[in-house]
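Undergrad: With the hints as constraints, model all of the structure from the sequences given.
There are 2 protein chains.
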Amino acid sequence: MTRQAHPEDVFSAIAEPRRRQVIAVLSDGHEHAVNDIVLHMNMAQSPVSKHLGALHKAGVVTVVKRGQHRMYRLKPEALRPVHEWVKVFERYWTHQVDQIKQRAERKALERLIRIDDEAANKKEE
Amino acid sequence: MTRQAHPEDVFSAIAEPRRRQVIAVLSDGHEHAVNDIVLHMNMAQSPVSKHLGALHKAGVVTVVKRGQHRMYRLKPEALRPVHEWVKVFERYWTHQVDQIKQRAERKALERLIRIDDEAANKKEE
DNA sequence: TTGACATATTCCTAATAAGGAATATATAAA
DNA sequence: TTTATATATTCCTTATTAGGAATATGTCAA
Numbered sequence: 006m007t008r009q010a011h012p013e014d015v016f017s018a019i020a021e022p023r024r025r026q027v028i029a030v031l032s033d034g035h036e037h038a039v040n041d042i043v044l045h046m047n048m049a050q051s052p053v054s055k056h057l058g059a060l061h062k063a064g065v066v067t068v069v070k071r072g073q074h075r076m077y078r079l080k081p082e083a084l085r086p087v088h089e090w091v092k093v094f095e096r097y098w099t100h101q102v103d104q105i106k107q108r109a110e111r112k113a114l115e116r117l118i119r120i121d122d123e124a125a126n127k128k129e130e
Numbered sequence: 006m007t008r009q010a011h012p013e014d015v016f017s018a019i020a021e022p023r024r025r026q027v028i029a030v031l032s033d034g035h036e037h038a039v040n041d042i043v044l045h046m047n048m049a050q051s052p053v054s055k056h057l058g059a060l061h062k063a064g065v066v067t068v069v070k071r072g073q074h075r076m077y078r079l080k081p082e083a084l085r086p087v088h089e090w091v092k093v094f095e096r097y098w099t100h101q102v103d104q105i106k107q108r109a110e111r112k113a114l115e116r117l118i119r120i121d122d123e124a125a126n127k128k129e130e
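Sequence lines, in order, name chains G and C.
Heads up: take any position in the first sequence, counting from 1, add 5, and you land on the numbering used here.
Heads up: take any position in the second sequence, counting from 1, add 5, and you land on the numbering used here.
None of these hints come from the bench; they were simulated from the model.
Check before you lean on any hint, since a few could be wrong.
If chains are identical, the list can't say which one is meant, so a pair holds when it fits in one copy or spans any two.
With a straight-line Cα cutoff of 27 Å, these simulated BS3-like cross-link-like pairs (lysine-lysine) come out [stated by the list, open to error]:
| no. | residue 1 | residue 2 |
| --- | --- | --- |
| 1 | 92 | 80 |
| 2 | 92 | 62 |
| 3 | 55 | 92 |
| 4 | 70 | 92 |
| 5 | 70 | 55 |
| 6 | 62 | 80 |
| 7 | 80 | 55 |
| 8 | 80 | 70 |
Computed from a predicted model, the values in this text were never measured in an experiment.
TA: Given below as structure tokens:
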């Protein structure tokens, strides 16, 4: 059997660090010309164009021609499947956080009890 | 410059559909032996072991030897960076949902107004 | 020890992907 | 029309990866 992962799969699209970097540039919600993105990327124009092509195939960006420029824009809805997939696991670490919170509250409570005890002891003196 | 994506990067680890399938098997939170996972996978044992190795490198699973078995368990916290990254974009589609909701509410309101008008017209008859 | 079983590893092939350089294409400007 | 600019595409090299088959390794059981 041949390979499974397709480039139009959004999970594969965002696996590339440079593509997440492109997404970061586009996450102001505005249109950006390719050269503008290149300026943020410390990479030659041709690979940037390829990454934009990959993101486009995955539906993560849209393109419109405007004059001699191609304006790319982020399409955040395309990232939704990733969010849906990963948020299932969120409860594990939020639960962890809850435990830490609970522990802190328990400690605070213990402290209060101790103070009460001390007060009670003082009275008995 | 050579390639950037590293296998120990969790984004790369979850880019493979088969590995997400492994994660799905492990998402009951219990330990699973390799052969158990293989049974769920419609794939030979050796590639499954390799995927488990990749997930382990990325910190997404833990292993313990138990007898002749290696028990794998999901480590959901490892997925947290993905969640943190993607949740930033959540507001775009929830906002979209809000707009749809608002539109539905507006329509419902218009309907109520129309009914009122009709009632008023009836009275005038 | 021998044999059965569980798993990892090695070796192989085919496919995929990244990045750079050079080139093609399209559009605007002179 | 010529020229400059913006971008995509092609070609090339190198590296990575998936999956299967075969094999090695480790562990239990008889």
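Undergrad: Taking the earlier hints as the rules, which of them does this structure contradict?
TA: 4
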